Amino acid sequence: DTAVSQTPKYLVTQMGNDKSIKCEQNLGHDTMYWYKQDSKKFLKIMFSYNNKELIINETVPNRFSPKSPDKAHLNLHINSLELGDSAVYFCASSQDLDRSQETQYFGPGTRLLVL
Amino acid sequence: KQEVTQIPAALSVPEGENLVLNCSFTDSAIYNLQWFRQDPGKGLTSLLLIQSSQREQTSGRLNASLDKSSGRSTLYIAASQPGDSATYLCAVMAAGNKLTFGGGTRVLVKP
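So the protein sequences, as listed, match chains V and D. For the first sequence, counting from 1, position 107 maps to 107 in the working numbering; every step adds exactly one. For the second sequence, counting from 1, position 109 maps to 109 in the working numbering; every step adds exactly one.
Hints in this document: simulated from the structure, not taken from any laboratory. A quick note: this is a predicted structure, and the numbers were derived from the prediction, not measured. Don't take every hint at face value.
[To be verified] Computed list of lysine-lysine pairs in DSS-like fashion (alpha-carbon distance at most 27 angstroms, straight line):
| hint | chain 1 | residue 1 | chain 2 | residue 2 |
| --- | --- | --- | --- | --- |
| 1 | V | Lys-40 | D | Lys-1 |
| 2 | D | Lys-98 | V | Lys-52 |
| 3 | D | Lys-110 | V | Lys-44 |
| 4 | V | Lys-67 | D | Lys-110 |
| 5 | V | Lys-71 | V | Lys-52 |
| 6 | D | Lys-68 | D | Lys-110 |
| 7 | V | Lys-71 | D | Lys-68 |
| 8 | V | Lys-22 | D | Lys-68 |
| 9 | V | Lys-71 | V | Lys-44 |
| 10 | D | Lys-110 | V | Lys-36 |
| 11 | V | Lys-22 | V | Lys-44 |
| 12 | V | Lys-40 | V | Lys-52 |
| 13 | D | Lys-110 | V | Lys-41 |
| 14 | V | Lys-71 | D | Lys-42 |
| 15 | V | Lys-67 | D | Lys-68 |
| 16 | D | Lys-42 | V | Lys-19 |
| 17 | V | Lys-71 | D | Lys-110 |
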């Protein structure tokens, strides 16, 4: 009954590799997000998609490319991984409500370590 | 640019004491303010959401206040328990449906 799920949970890889993280939500939400939490625990938004359309694209290197095959999935592909990409990546989703009431539901996170 | 600050960064209290966590934000043009809990190695769980027109929200032992004009929110946890040990994150929702997070307060409740 997991609402927002991510795979893999842990990812250890070498610099220069390309990797993908997958996210799925079964809440029927219209909007999905990717966040990055760095070593200092600051959570920052990277991307958001609404009905498969890119809505938010914060200043993220173009090595990061989100892909939304359908409303329930938002995957994150990272090319040419760098040491500084090591972080925890969280997926989230929300329903399109009145913005004053809207909350986001988070997945368990993917811990990426680049060696 | 919205900035969210949480003080203190860490807090340790004996069981039974009340907890007071502070959050401040620089731009008062927000839709809502939310408090989340993060357990080690886990995702975030939404605790309370205060709409911009509201002054406070309560859920069980948790009470959160919002003073939009001064850019402040406080989360009170009454009669703390060891199970309350976690990191508490404050976030504000503003234009563009963006949630901006503070750095969190790491709470330890000692039995």
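Hint compliance check: list the failing hint numbers for this structure, sorted ascending.
3, 4, 6, 7, 8, 10, 12, 15, 17
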